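Visitor: Sequence lines, in order, name chains X and F.
Throughout the first sequence, residue numbering follows the numbering used here, covering 1 to 157 in sequence.
Throughout the second sequence, residue numbering follows the numbering used here, covering 1001 to 1273 in sequence.
Misleading hints may appear alongside valid ones.
To be verified - Below, a list of computed lysine to aspartate or glutamate pairs in the EDC-like style, where the Cα atoms sit at most 20 Å apart:
#, chain 1, residue 1, chain 2, residue 2
1, F, LYS1183, F, GLU1173
2, F, LYS1135, X, ASP29
3, F, LYS1135, X, GLU5
Claimed, not checked - Ranges of calculated distance between the beta carbons of each label pair, as one might list FRET restraints:
#, chain 1, residue 1, chain 2, residue 2, range
4, X, PHE150, F, GLU1053, 32 to 40 Å
5, X, ASN89, F, LYS1166, 52 to 60 Å
6, F, ARG1007, X, THR10, 43 to 51 Å
7, X, ASN89, F, ILE1018, 14 to 22 Å
8, X, LYS2, F, PRO1058, 33 to 41 Å
Simulated from the structure, these hints should not be mistaken for laboratory data.
Since the model is a prediction, treat every value here as computed from it, not as a measurement.
The beta carbon of each residue, even a glycine, is placed where N, CA and C say it ideally should be.
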Amino acid sequence: MKLTELLFLTVIFLLFCFIDSQINLYLYDFFIISNITYLFLCYLCFRNPQKINSLFGAYIGFIIDLHQNVFFGLHATLFTLSILLINYNYFRLRMFSSLQITLAFSFFTAFFVGFKSIILTTMNFQYLVVFISFFSAFITYLFVPSLGKFLIKKTKL
Amino acid sequence: MARLPDRSSRFMLISTFIICSSILFVDFRFDTFKPIQNFYNSTSISIRVFSSEYIVRPLYSSFSSIRVEGRGKEENQNLKEELNKQLIENYIISNKEILNRNIFFDVINLQKSDLTLLPAKVVSFDVNQYRCCDKHRMFLLPEVPSDIDSFKVVINPEGIIGQTIKGNRSLFEVILLSDKKHKIPIQNENGFYCEAGGLGIPKRIFCDVDLTLGERDFELKQKIYSSGLGGIFPKGIEIGSIYEIQDLTPKEVRIIIDLNADPLTSNYFGVLK
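Build the full structure now, drawing on both the sequences and the hints.
Guide: Structure follows, in structure tokens:
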């Protein structure tokens, strides 16, 4: 990956991270957590697993950990684990329809939200948040591919 | 074994995951990477404050001076900040008697005491994290550059919100009462004492009480005060009221206390030095 592409993607991920936090401010009362950043990573990794490899996932994860002031390595671990799962099941996922891929990534998101909640919200873990995250991720992922195509049109990712 | 896409390395995928999870474990268990995060936070906040004070605000004020409504907004903002500062001073005055009889401040009256109020403004407060997670922290910028030690009480017009934990002349971090890692010794009017910890929920702290040690001398909506036993918080300051009593076991209950002070109500805080 070229340096310009790396910088471009870093800015995009930080922007999505900011958007997620802004959306969460309003939706948290309804137990909904926005996960555009994570779904965008899943989409990119599925689209081009050679360029969006585990090193990139770790890099973006560490940047987000610093930016959000959470435990160092939390996002990095979950991003690399997701990339590992996508790589290991790449050919299976390629056979899936769009709906099945959306469902699979929604499951990944529910796990992502659940694991994050266990670490960050130890005393107030709520299953409802994890459950609703699945549905919110399903709806969000309907828009992520078109958003991703629009954003990375100029790069050769 | 699953087939991987071209040019994907199984070794790299697994080794990166193991390294990242090891880093997470080390940070979670020992706070090893805290200095890196502190450095990143202080740098990003300094850049934000600098750009806001010396680039954005001058540009905005020169632009808004053209429009009357812009000037009005700025004036409104300044008045709000002044009002907040005044409210904090009023809080100190209204609690003067309690502070006077406090053994830890050891003062006869506020005018003659060493107790000073240092106004500070919020520069970074992750409201998202405050609402969702256990970590409730904020970064404040003192109005007058001054050395602020750890364990200084931070108040707003509604009461105590937390204490300073670390900082330098220009910036310091505040741990809120509701943070999971925070503890505050409390008492009620019946002589019930307890060490309350943050619940990780906004405006809530909790206290686990072993009923085998004594009678149940607390009830719902009863006022809770700081006991001053830790030597950090002044004694007798009302911090909240009992919101809920949960039975953990037949011989142990958890008291949930609703705090009076909401850190979201104002941008200005006072540090008692």
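Visitor: Compare the structure with the hints numbered earlier in the document and write down the numbers of the violated ones, lowest to highest.
Guide: Per hint list: 3, 5 and 6 violated.
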